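Asker: Top to bottom, those sequences are chains A, B and C. Per our numbering, the first sequence runs over residues -11 to 257. Per our numbering, the second sequence runs over residues -11 to 257. Per our numbering, the third sequence runs over residues -11 to 257.
Honestly, the hints are just simulated from the structure, not real lab data. Only a predicted model underlies this, so the values are computations on that prediction, with no experimental measurement involved. Just to be clear, a hint being listed does not mean it is correct.
For identical chains, the list gives no copy identity; a pair is met inside one copy or between any two copies.
[Claimed, not checked] With a cut-off of at most 25 Å between alpha-carbon atoms, the simulated BS3-like pairs for lysine-lysine come out as follows:
1) K181 - K144
2) K181 - K2
3) K65 - K96
4) K96 - K144
5) K181 - K(-10)
6) K149 - K65
7) K65 - K2
8) K2 - K149
9) K(-10) - K96
10) K96 - K2
11) K65 - K(-10)
Chain by chain, the residues run as shown.
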Amino acid sequence: MKITAKNIWLDIEKIRETSPLIHNITNYVVMNSTANALLAMGASPVMAHAVEEVEEMTGIARALVINIGTLSESWVKAMFRAVRRAGELGIPVILDPVGAGATSYRTKTCHDLIDALSPAIIRGNASEIMALVMGETKTKGVDSSDPSSVALEAAKRLNEKTGSTVCVSGEVDYIVSGENVITIENGHPMMGKVTGMGCAATALCGAFAAVDSSFPAAAAGAMAAMGIAGETAAESSEGPGSLQVGFLDALFRLSEDDLINSIRIGELQ
Amino acid sequence: MKITAKNIWLDIEKIRETSPLIHNITNYVVMNSTANALLAMGASPVMAHAVEEVEEMTGIARALVINIGTLSESWVKAMFRAVRRAGELGIPVILDPVGAGATSYRTKTCHDLIDALSPAIIRGNASEIMALVMGETKTKGVDSSDPSSVALEAAKRLNEKTGSTVCVSGEVDYIVSGENVITIENGHPMMGKVTGMGCAATALCGAFAAVDSSFPAAAAGAMAAMGIAGETAAESSEGPGSLQVGFLDALFRLSEDDLINSIRIGELQ
Amino acid sequence: MKITAKNIWLDIEKIRETSPLIHNITNYVVMNSTANALLAMGASPVMAHAVEEVEEMTGIARALVINIGTLSESWVKAMFRAVRRAGELGIPVILDPVGAGATSYRTKTCHDLIDALSPAIIRGNASEIMALVMGETKTKGVDSSDPSSVALEAAKRLNEKTGSTVCVSGEVDYIVSGENVITIENGHPMMGKVTGMGCAATALCGAFAAVDSSFPAAAAGAMAAMGIAGETAAESSEGPGSLQVGFLDALFRLSEDDLINSIRIGELQ
């Protein structure tokens, strides 16, 4: 099935109309900006990480977003409980392997999480996706040292191995699912100067997956919305501070015309 | 005693002049925005949650704000220590039951905290206040599924049971204390699209309670300042990103004229 | 060696060209704003605090920033591991003693960290620096009750005792290293109304120390960049909300001309 701007727009309308609850177990750095991105998109975010309550919270959510950006033992324990509960209930799980490859603890935690339950969508930058496939990579903390195209083969292998839709984000976003590779070429370089933009993209994958059971379509919608909102914000920004503010405004105001006129979606042959 | 705009203005002047230290044990999502809201109002925020130091920190504060938005075992332990210390010293405690009703862990923690010491003020949305009275509610994470008026009876019962001033926030804010019900009708719908606005309101209740021993007056002042700053910000905002920025600016610049001209305060008969 | 605007500009160029990875173990309140300040300056931030991975993360970083703003037992343990690893590898450590003096836990933790390894740079406000030397001070939470000049003698004693470059920030920033005291008089009072500006200054000390082995020069560069960006932002701000946004934009856009025309650097005789 070809994914069109029209499909994506219908998903955005569904998110805004139904305001799905998205349960995030995410990192401290981006909790606020992630919650605001989900709200601006029309979803309803909740953050909860205590082992005492994660399963109950996942149980009332429409998607579960796991982000290992500032992981530690008790959080990892909660992630597993939430992921298993999501598996039982058929709630889509989105994984952001922040900093995979930077430390073995991060890489191992991601492998274990994927083994526990293949996520609906895995979204990371090139370094992170390669680290999940090849083990060692020359990563630098949480920022990728490589363009996204370098990770395309790794994304295909990760998709084969896990069955998860794999999204490598960068100047071009590649969304890999079986034979199909969708490309989204929206976005602006200044977005890389704002912390948590990748994490927001992952959370938006959760919002789209909550209303669209085609996970490649969900990932494409999230990346397109992110990229177009970033472009709109960049037009009137003077730096990363105003970009971050304008991004939330643009996500909130994103219209069908904006989407149709600005989207650069394609397929690799 | 009738609460007037003039009373509220005097409280704001006291906050700005004395810059009371407000000890917050709050959630990860809103720590930054809460600290900024307190600073913009003129208060001095401190966040501290280690069992090793919470009692000492509460001991130098003028109010203690407890917010269970991302609670976990060690944090709950610290909350109890801080609350007991506040009780010994007569420091007002403000409770924000974030997500009460969404999980039983949240509801139970709130009940236990209230049993340990009746807060000066409990501020929540309709779902949360109803959950504290009725147990089960149809809540959706941390956002209320109901208008505030639906929770008025629950607020009255919670006030009767605990003696706490109970504030239900929403399109109309209801502040319940004994026979008196104060209403504040300031605010803007866009505020619901910014995470942590409710948490900021609770923190401001702490700032007002630090300078005004009438807790209904303190809650009314906080809700009026929040609402008017939100209205001012909404006038020149293009979405939730710029609203959040403009809100802090407006809180910082709030003048006596703004307050007197914009406040919509009333009493239920 | 005299530190000039030209030296500082060369450091800024190095940061922007090499984008050094800065490992932060910092507080929850400022993680987002600190990461954004480092990104706007051109550095690459990473936050990691799990005992399982801190040593590995420090090992790939160019500087380690320790900030005790919301410390607790497991975080303190991780701080020690990271600091010792930095010591082994010769990676500069920057310490922000947030709230030292406010509780004995904070003061003691700072002393123990300094005993484990003398930091390259210690940056705090007057109350904090005095608390590290004198034990008891009349502090109020995390904000200083004193002008920076009051702490100059304490800064000299702390520098003598530890060998660390000591930076007391305030209306005038004093950077003390042996006989030399550099002063930076940039900045704007509104910066005190935004949470985490001091923490951002400490993180920028890390970015400069990553590219300049003269730690007084690194601290001077960080304080000058902070102060000038704050001044630029204040010109077009209407309050602390817009100041915070404008600050990131100004840091990102800071040019050699801005630096040379605006810097107010001096030396105490």
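Asker: Check the structure against each numbered hint from earlier and tell me which ones fail, lowest number first.
Answerer: 1, 5, 7, 8, 9, 10, 11
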